[in-house]
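Taken in sequence, the protein lines are chains A and B. Under the working numbering, the first residue of the first sequence is numbered 1, with each subsequent residue one higher. Under the working numbering, the first residue of the second sequence is numbered 1, with each subsequent residue one higher.
Calculated directly from the structure, the hints in this document are not laboratory data. Beta carbons: idealized from backbone N, C-alpha and C, even for Gly. Check each hint, because a few of them may be wrong.
To be verified - Taking lysine to any residue and the SDA-like style, the derived pairs with C-alpha atoms no more than 20 Å apart in a straight line are: (1) K245(A) with A283(B); (2) K245(A) with R338(B); (3) K245(A) with L85(B); (4) K245(A) with E516(B); (5) K245(A) with G136(A).
Unchecked claim - Here are the simulated distance ranges between beta carbons: (6) V41(B) with G70(A): 36 to 44 Å; (7) I279(B) with E206(A): 33 to 41 Å; (8) G312(A) with L150(B): 38 to 46 Å; (9) Q86(B) with Q348(A): 21 to 29 Å; (10) D64(B) with Q348(A): 18 to 26 Å; (11) Q348(A) with A384(B): 39 to 47 Å; (12) P249(A) with S348(B): 42 to 50 Å; (13) L540(B) with D134(A): 53 to 61 Å; (14) R200(A) with D64(B): 27 to 35 Å; (15) A250(A) with S74(B): 42 to 50 Å; (16) D154(A) with P309(B): 37 to 45 Å.
Given next are the chains, with one letter for each unit.
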Amino acid sequence: MHTTIQPRAAAPVRRRRLSRRAIAVLGAALILAATLSACGGDDGPRLTIYSGRTSDLLGPLLERFADETGIEIDVRYGDSADLALLIDEEGDRSPADVFVSQSPGATGYLAEADRLEVLPDDVLELVDARYRSDAGQWVGLSGRVRTLVYNTDDVDSDQLPASVFDLTDERFRGQIGVSPSNGSFQDFVSAMRESVGDDRTLAWLEGLAANDVRTYSNNRAIVEAVGRGEIDYGLVNHYYNLRAKADDPAVASENHFFADGDLGGLILVTAASVVDTADDAAAAQRFVRFLLSEESQRYFAEETFEYPLVAGVEAVGDQPALDSLPAPVEDLSELGGDLRRTQELIDQSGIAG
Amino acid sequence: MVDAAPPPPGTAPSLGPAPGPPPPGTADALPTPTRSPLLVVGALAAGALFATPFAYLLARALDDPTGVWAVVTSQRTTAPLWRTLQLGVLVTAASTVLGTGLAWLVIRTDLPGRRVWRAVVVLPLVIPSFVGANAFVAAFAPGGLLEELLGPLGIDASRDVRGLPAAFLVLTALSYPYVYLPVAARLAGLSPALEESARMLGRRPWAVFRTVVLPQAALAIGGGALLVLLYVISDFGAVQFVGFDTLTRRIYASRTLDPTVATGAGLLLAAVALAVTGIERAAARRNPPGVSLALRGARPQPLGRWRAPALAAVATVVGFALAAPVAVLGWWTFEGIRNPDARGPFGSVVGPTVSTAMVSVVTAVVAVAVVFPIARLTVRHRRASGGLAATLVVAGFALPGLVVALALVRLFVPTPLYGTYSLLVIAYVVHFGGQALRSSQAAVAAVPSRMEEAAQLLGAGRVRRLLSVELPLMRPALVAGGGLVLLNTMKELPITLLLSPLGHQALSTRVWQTAEQAYLYDAAVASLVLIALSGVLTWLLVIRRMEHLGR
Chain A
1 MHTTIQPRAA APVRRRRLSR RAIAVLGAAL ILAATLSACG GDDGPRLTIY SGRTSDLLGP
61 LLERFADETG IEIDVRYGDS ADLALLIDEE GDRSPADVFV SQSPGATGYL AEADRLEVLP
121 DDVLELVDAR YRSDAGQWVG LSGRVRTLVY NTDDVDSDQL PASVFDLTDE RFRGQIGVSP
181 SNGSFQDFVS AMRESVGDDR TLAWLEGLAA NDVRTYSNNR AIVEAVGRGE IDYGLVNHYY
241 NLRAKADDPA VASENHFFAD GDLGGLILVT AASVVDTADD AAAAQRFVRF LLSEESQRYF
301 AEETFEYPLV AGVEAVGDQP ALDSLPAPVE DLSELGGDLR RTQELIDQSG IAG
Chain B
1 MVDAAPPPPG TAPSLGPAPG PPPPGTADAL PTPTRSPLLV VGALAAGALF ATPFAYLLAR
61 ALDDPTGVWA VVTSQRTTAP LWRTLQLGVL VTAASTVLGT GLAWLVIRTD LPGRRVWRAV
121 VVLPLVIPSF VGANAFVAAF APGGLLEELL GPLGIDASRD VRGLPAAFLV LTALSYPYVY
181 LPVAARLAGL SPALEESARM LGRRPWAVFR TVVLPQAALA IGGGALLVLL YVISDFGAVQ
241 FVGFDTLTRR IYASRTLDPT VATGAGLLLA AVALAVTGIE RAAARRNPPG VSLALRGARP
301 QPLGRWRAPA LAAVATVVGF ALAAPVAVLG WWTFEGIRNP DARGPFGSVV GPTVSTAMVS
361 VVTAVVAVAV VFPIARLTVR HRRASGGLAA TLVVAGFALP GLVVALALVR LFVPTPLYGT
421 YSLLVIAYVV HFGGQALRSS QAAVAAVPSR MEEAAQLLGA GRVRRLLSVE LPLMRPALVA
481 GGGLVLLNTM KELPITLLLS PLGHQALSTR VWQTAEQAYL YDAAVASLVL IALSGVLTWL
541 LVIRRMEHLG R
């Protein structure tokens, strides 16, 4: 291979520009180091929240709580399941005091790993017994309802099915969207197993697969697909379509709630729990109680269209009343290690393939 | 970024520790290239760090070895494995052709507007794959934007964008820069003499490319192709969005429901990554990089009547991979401005932009510094220890960020580093360091050892040799490698979410949070800021630094 070597050319010209760059990089590193050392210090009470709800939603509540109580809040936002894994992996050194979860499955994972403290009765009793753990390890904050979103251009309202079990009918072939990898769908399948047993659940999943069900990455993608008319129906949580309507009132999608008591209208609760590594359990419980205050509950309802779970606070929007919906799974955390059976059934049915 | 010209005495370059400081009293001795214990120790220490995610998966598997074995051999993971491989091979093939072709056209020919192309051709790399896939689906799906635009004209442009074809298109569009960047750096540093001779002997552009350019760039092409493959098999965002069930989807879907399945799928992914990396390494060793110095600029290859078609080809690729997603994001932004009710409580993007820029620049510099000893060891000394470390470093890119993050949590949670920026940077480096390795190897190979010896005989000390002789020659390749790390760090999600110091805000998490909340318009604005920031940083720190050698 051939080599051309010429004496270095033009190097001195570049000298000034480059040292500026080096200084910029060094400066950035220094600022980083400074920010790093600026954290810490301060001896007041502090709470660390791991939140599966986003900062847009929880942030204002955290600020209000800090103002009211003088307790400093640190928060890590992320996907509920990832945060549950993180707490598990951090073990007894976890900085987490409170875990706010978007999905029952993530809370169930930590309950099964025995990482959650039992909450005091006065906190638990703020919500109906159906929306909290029997063992007292978590308490529901808000409810999200499973629903069938449909395209109003393509579907007449009298064609709408009464039960989620009807979706295996031939007339729905290729027209239904689901999200098998989504926590809400998985929780729904767990509930179905508990309600009608594994065999009928598997048969339903296989029926969907045989009916050319289409899979999407998440609820939002399903609602978008229905809005575009790519599919006629989708199994989702109720507030996604409300959000889509807020974005674009003309969008051709509507929620259909299954007949009273049908499993298709299952309610899924978002939950709060105190992690067993909490340094100051009293402060952590105080925060949970704050989330269940009337003010916070109303805020949840207004911001998210979700159902408030504390008695006396009304839901926003025209969805059916909370007590007309089927009860949630008795206690997902008590399904225990059996949750993996849900995954097996979903895999086995071929729905995701 | 790494800089080339000799800085004033006393100013340390940003490269970090010089590889193996000279043992005291030996500075004037003749070179002893095969014995450098410090280099070996440094490489092994780095290798051990990079081995953490693999060790973590093994440790998890040992909790339930029979369960994991049953998972690994069952249809539940073998079918996704097959789909993963299919997608990986297809995308790698397409990206290799695109990336190589674009690099040659943009660096070595008289393509119109090539200076502009150089800046934009690499940008699709920074689009988070779930954003890219979302934009793609929103544009092309039945009832999507394209149908809305072209429908009235009677053109049916909508396609059923799902499964393998959709995953293939989206990932090819987002990952060809992995080939483009190292190849462009290699071409920029190549001596033009051979090409010019070939041209004078009457070879046409295509023949010059095939017989002269391609063989000299083969190693860079192979390294880039490997990165594409590893990236594709590790991707979750795009395959999740278009519904193509690969191993990473298996890991995510089962991570809390059935951790055994997640561990099994993770191990399969790791095995594929190590095997592919090992094979590529073996192939590369048989074909060591030639040394070629271009201290004068090459004259661009005239394309002649191929100028227009070439321009059309480049414009098509960039249009599809960059302009289309940006247009969709722009459309969402426009809708958000028109309809303020639809916007979420959008916070300022200034803080996240600044912290994203700082963390990713620091990460890129540290990554290059950490893998440099390994690069040197593998190229100059060909030590087995270096080879092992190199394989681990590169293969780690194929593991999902979630696995890397959890592995480092287990290792670092008892240390004071936990919860600091230092650990965040370490995690990024472990995940993305492999992208800087091949480029660093090319950089080391670009310095003829004869030249080093000459400088040494003339009495230049170790540091001075590094700064005044080696760095200027290594610069294009080092900068290209650092650039890849930079862009990947900016868009990384799981590591950022799980390992950031509490309260840290990054642009990627901003994009994710708003998308998660279904505030499409806000997600679009944050994505556009991310793309713009990466454009500015790549231009300032990467493209301009690569350029001065190959004009």
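Here is what the structure says about each hint:
Using a Cα cut-off of 20 Å, the hinted pair K245(A) and A283(B) is violated, with the two alpha carbons roughly 56 Å apart. The straight-line distance between the Cα atoms of K245(A) and R338(B) is roughly 15 Å, inside the 20 Å bound, and the hint therefore holds. With a CA separation close to 40 Å, the supplied pair K245(A) and L85(B) exceeds the 20 Å bound. A hinted pair counts as satisfied when its Cα atoms are at most 20 Å apart, and K245(A) with E516(B) qualifies at roughly 16 Å.
Distance hint between K245(A) and G136(A) is unfulfilled; the C-alpha atoms sit about 37 Å from each other, more than 20 Å. In this structure the hint that V41(B) and G70(A) lie 36 to 44 Å apart at CB is violated, the actual value being about 51 Å. Checking the proposed 33 to 41 Å range against I279(B) and E206(A) shows it holds: the Cβ atoms sit about 40 Å from each other. Between G312(A) and L150(B) the beta carbon distance is about 53 Å. The supplied range of 38 to 46 Å is therefore violated.
Range check, Q86(B) to Q348(A): Cβ separation about 22 Å, and the 21 to 29 Å hint holds. A C-beta distance of roughly 20 Å is found between D64(B) and Q348(A), which places it inside the suggested range of 18 to 26 Å. For Q348(A) and A384(B), the hinted distance range of 39 to 47 Å is satisfied, since their beta carbons lie about 45 Å from each other. Distance hint check for P249(A) and S348(B): the Cβ-Cβ separation is about 28 Å, which falls outside the suggested range of 42 to 50 Å.
Checked against the hint of 53 to 61 Å, the C-beta distance between L540(B) and D134(A) comes to roughly 59 Å, which is consistent with it. Evaluation of the 27 to 35 Å hint for R200(A) and D64(B) yields a pass: the beta carbon distance comes to about 30 Å. Under the hint 42 to 50 Å, the C-beta atoms of A250(A) and S74(B), about 47 Å apart, fit the expected range. Between D154(A) and P309(B) the C-beta distance comes to about 44 Å, which sits within the given range of 37 to 45 Å.
In terms of the numbered hints stated before, the structure departs from hints 1, 3, 5, 6, 8, 12, listed from lowest to highest.
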